[in-house]
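**Student:** Heads up: the sequence shown is residues 47 to 459, going by the numbering used here.
One or more hints might be untrue.
[Stated by the list, open to error] For each label pair, taking beta carbons as the anchor points, the in silico distance ranges come out as:
id: 1; residue 1: 282; residue 2: 147; range: 48 to 54 Å
id: 2; residue 1: 422; residue 2: 363; range: 33 to 39 Å
id: 3; residue 1: 314; residue 2: 120; range: 36 to 42 Å
id: 4; residue 1: 141; residue 2: 330; range: 41 to 47 Å
id: 5; residue 1: 402; residue 2: 207; range: 27 to 33 Å
id: 6; residue 1: 120; residue 2: 326; range: 36 to 42 Å
Calculated directly from the structure, the hints in this document are not laboratory data.
None of the values given here were measured: they were computed from a predicted structure.
Ideal placement from N, C-alpha and C gives every residue a C-beta, glycine not left out.
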Amino acid sequence: MNKRIFAILIIVFSVIGVYADNGINSPYSRYGVGILADQGMGISRQMSGLGYALRSHRFINIQNPASFSEADTLTMLFEAGFSMQNVNFKEGNKRINARNASFDYVAIQFRLCKNLGMSAGFLPYSNVGYAFSSSSQDKDDALNKHTDTYSGTGGLYQPYIGLGWRPMPWLAAGVMGSYIYGDITHQVVYEFPNSTSRSTIYNASIKSYKVDFGLQFIAKMANKHELTLGATYSLGHRLNADVTLNNSEIPDGFSLPHTFGAGLAYKYDERLTVGADYTFQNWSTSTFFDKTDNNESIGLGTNRSKISLGAEYSPNRISKNLFKMMSYRAGVHYAQPYTKINGKEGCDEYGVSAGISIPFYNSNNSYSHGTLHISGQFVHLAPRSAGLITENYLRINIGITFNESWFMKLRVR
């Protein structure tokens, strides 16, 4: 019965993932491919995106596909996540709030054979969602004011499948392939006092691929100490995109960046973990269609760096005391923008997060049946240039991991 319920949940969450709202309401999603989605799952989100050097049989870590090799021999992991957020926009003395909710990811992980694990899932790569208006003067008639209404929807989605292999006790390697697809639509409606209007509609339909490689070097030391070094690389390439402006085809400028990641994690006795990650994305060689007034210019991306620091404390996972069985995590991060806003420098991103993971057991309390992940996150977007909007996000992330013993052999006496 548990397996039937588990299979139904996979189908339901997968369908929801395809049709769910992207949970974004930001004018900055008007640039590039939109707001880049958080690539981490429940545990990673509690630690502000930490993950390159993390590995565990208790959760799924897509930050580094080498971690798939840690999949447990007897169990199938299933993980899904949701989020709710309130965002505050500030421009001068003006403030406004918006609320959104979204389905974020769904994934499974299991072992194929000794030292070889597999994971598959679905998550967004970027999100586009905004609606705002401004008043301006017509270039041909300074006395004729008009209202410009801007709106955008869509994003890119990322179903993936990956393998992780541990050929030696101190080395793990992995590869993950993703299908990147989605539609991005931007529209501007110009309304004039004489009740006339005109509009421009920009649409990009993207279908391409993404390939990630990962390594983890594991050093087990005396007295329950362990040190892991992780490294990742994501292949940069031009995306296959059909782009139109008012139904007329135009050259596209979309591409994925070469991405390099490195992380270090120290673990003591399965109770304490601290780590740090650094990510570099080479967006400066990427071009994007820049939705300016003339709708014809091409905007360049800008190189993006991100730093994440995080820690985990799990007092005693085999204790009968719930608070000792729970895991406590926290993290901070800083990230640079990857696009320019009308030729100006964008926004620096500062974030802090904290969360808990609560295990729940089967009817006999013999083994953990799953874990509920709850975390809160505050993100501040600080403009580098004058005239840009400041954004503050308060986000609640909820994830759940099911640990199903699908591969356990029962012995009949």
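**Student:** Per the hint of 36 to 42 Å, is the separation of the Cβ atoms of residue 314 and residue 120 within bounds?
**Tutor:** violated, 26 Å
**Student:** Honestly, do residue 141 and residue 330 meet the 41 to 47 Å range at C-beta?
**Tutor:** violated, 34 Å
**Student:** Is the hinted range of 36 to 42 Å satisfied by the C-beta distance from residue 120 to residue 326?
**Tutor:** Distance hint for residue 120, residue 326 holds at roughly 38 Å.
**Student:** For residue 422 and residue 363, compare the CB-CB distance with the range 33 to 39 Å and indicate the outcome.
**Tutor:** violated, 23 Å
**Student:** Given the hint of 48 to 54 Å, is the C-beta distance from residue 282 to residue 147 inside that range or not?
**Tutor:** At roughly 32 Å between Cβ atoms, residue 147 and residue 282 fall outside 48 to 54 Å, so the hint is violated.
**Student:** Quick check on a hinted range of 27 to 33 Å for residue 402 and residue 207, using CB atoms only.
**Tutor:** holds, 30 Å
Of the numbered hints listed earlier, those contradicted by the structure are 1, 2, 3 and 4.
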